[in-house]
Amino acid sequence: MKQSTKVTAALLAGSTFLSVPAWAQESFYTKAAEPYAGTTIRILDEVTPLQEKVFDIIPQFEELTGITVELELLGHAEVINRGQADMLSGRGFYDGVMMHNYQLAPMLTAGVIRSIDDYVADPALSDPDFNADDLIQRPYTTTSFTGGKQYGFNNWNYNEVYWARADLFAHPEEQAAFNEKYGYDLGPAETITQMRDIAEFFTRDAGETLAGETLEADFYGIVLEGIKGGSTFPTLWSALIKNYGGRLLDENGAPAFDSPETVEALTMWAELWSFAPPGIAEYSLVDVPTVMGNGLAAQTLAWSDFVFGVDVPGASPYAGDFVYGPIPFKDGREEERSVEADVSVVVISEASENPEATFLFLQWLASEEAQAALIEAGNGGVPIRQSSWELPAIADSEMTSLYAAMRSTLDVAEAKPKMPDSFEIMDAMSGIAQEVGLGRLTPEEGAAQGQAAMLEICTQCLMQ
Amino acid sequence: MTSITETDPPLQTTRARDKREALYPYLLIAPSMITLVVVALIPFLYAIYLSFHEARFGRVTEFAGFANYASLLADERFWNSVSVAATFVFIAVPIEFMLGLAGALILGQNVKGRSILIPLLFMPAMMAPVVVGLLWKIMLAGSWGFISYNVFERFGMFPDTSIFASPDYALYALIFVDIWQWTPFMMLAFFAGLQALPVAPFRAAAIDGAGPLRIFFRLTLPMMTPLLAVIGLLRFIDAFKVFDTMYILTNGGPGTSTETPSILANKMTFEFWNIGEASALAVIVWIAFFIFCNIFYQVAKKRLNAF
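Protein sequence lines correspond, in order, to chains A and B.
Using the numbering used here, you'd call the opening residue of the first sequence number 1 and step up by one each time.
Using the numbering used here, you'd call the opening residue of the second sequence number 1 and step up by one each time.
Mixed in with the good hints there might be a few duds.
Over 12 Å on every C-beta distance to chain A, these chain B residues come out as not near it, computed from the model [unchecked claim]:
1) Tyr-24
2) Val-39
3) Ala-40
4) Ile-42
5) Thr-87
6) Ser-115
7) Arg-214
8) Ile-284
9) Ile-287
Partial chain B-side listing against chain A, Cβ under 10 Å, derived [as the list claims (entries may be wrong)]:
10) Arg-56
11) Glu-153
12) Ile-163
13) Thr-256
If you're looking for bench data, these hints aren't it; they were derived computationally from the structure.
From the three backbone atoms N, C-alpha and C, an ideal C-beta is built for every residue, glycine too.
Make the full structure from the sequences, and use the hints.
As structure tokens, this is what we get:
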């Protein structure tokens, strides 16, 4: 063979190798999955536009490992009911089930979640390139670990951000009127007091003027989730009460809701509700972005992933007019700021017959490579890894303020305390949050009734 | 003369045939009885068993005696749910009953377009309760609901709240939805009963010069009583158990203002996983209904000639 032919052949071979995507190359996962090739695993997760993108990348894992992944996506309530029922019954139909962080304590107490410590310690299963340090640490360490054991990798870092109408804030007449009334410039709220002022300022009746135009319908200064259940109480707790220095439990895990700080936060909560649409007590986390998208309110605290469905041309007439920011903190308490995030993890059921294959999938899904593919497939998303912030779909996105807000939230986001009675607590407290918001209870009564409701459920509320 | 032994079957054969004939009806109802036992009786007996045990997170642990019952009966939330259900039933069912009966009497007058109207009346009852919930959510949702926006907001009604967000109005809105869904069914059931009444007594009464009111109270109502009693009882039981529409529209809120025993039991079971106490709730509701239905049955049988 001539020298030139050899060189051409070598170049061709090289270019062929280089053109094979990284995931299709012989990898750790191919070798690790050899004993499990041909296995089928079932994963139950919640249906959201982001989670749907996992379907796009599953073929990569299946090709690498020979493990078939059957992913089932259900609505929020159904994934909780069905997933928990499957795990508690010991049926093991699902190998992996998505758990919101507040579900972990009840399920750990019931002993139906498998620790992954043995798999992480097993060189045959543990990906040497996984780089756990790259996972956004605070949500990861507070969610995936309990009592010194690891139960999974964070799969979803859902988080709330501050979301407002930039076009209203930029209007010269509104700016001047706001400055005259409150003595500072109008802009995205950085503190809770500013959020309250903006809410008051923009609450207007039909017939009044907003940004130079006459309103045909009432306009509201703020919209918040207020439905019974959902994330109504988690938002009140994490984005208001904790920011005011109040707390649900003391350091020993005993209820500590009836503090002056909680009363102060509940007072602000009730005040914010007075500037919200009259239907706030029936607004779910889906209604809030709908109200924003329809231009009925000036600002909100909302789940950032919903923005992707609203702030896009064609989805809302106000697309492009929004601005995002970190969750406002209480004046003077920036260092102790608190945010609401619903960090979630897919856990391996104790009844799973394929724990190793499931572990390999979950580890791969949280890997740098899979996360990059997922964010590329979704043209953005909610990162679980620090390195994801640098990906082109995020770094080059036009939604710079949204990603900056998300990042700010995730820097301090943490899982809820591990409470075995978390569902009962959330249910009782969300009813009280509604009644305080609606003015049926005073903030003092709300704090006292919340404390009494907590004590009725548990005197020591943390998982032992 | 032929001997008995030659013509009649032997005594043993006759007995066997009698036995077979006696068993035959039981054989016929066996499939439904077995199904009933498997799907209703066994789960109910298991619920009773669970109600006497500590059962949390799907694990049945120690015998708890009456602790679950005591805890439930001491729980304000349980009594609130009973009160909510009672308000719901005692307002919704009589209204449905009266409107249904009035509608049936009107339909019985050969009104124009009856053949078109009757199929339309089936529609609400044919809808899945979840669909009914979603439909009324779209109608009455705060700010953006079709009726909320076009009627309430434009005419300044409920300015400080929305229907389902108000502890004062939410339950009445749910009652309204139930009336909307079930009145047509009552109307059709009563109309079918009216059509089945014998014509002769009515002709005789008309010849004797009885007026419409007299005919209604002396003939129609007494002859319809058994049907009215049965339909009324079934609707009463059904309304007490209402779950789907409430779950969709308010999920028991705001606060606990629309939380019925069904909603509470669902939360206790599938959210709190306090299965022992949830079973106790189911048993208490069952006992209450068993007593009520028995009293109703005896009264209806003796006084109303029903059953």
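Next on the checklist: Of all the hints numbered above, which does this structure not satisfy? Sort the numbers upward.
Outcome noted: none
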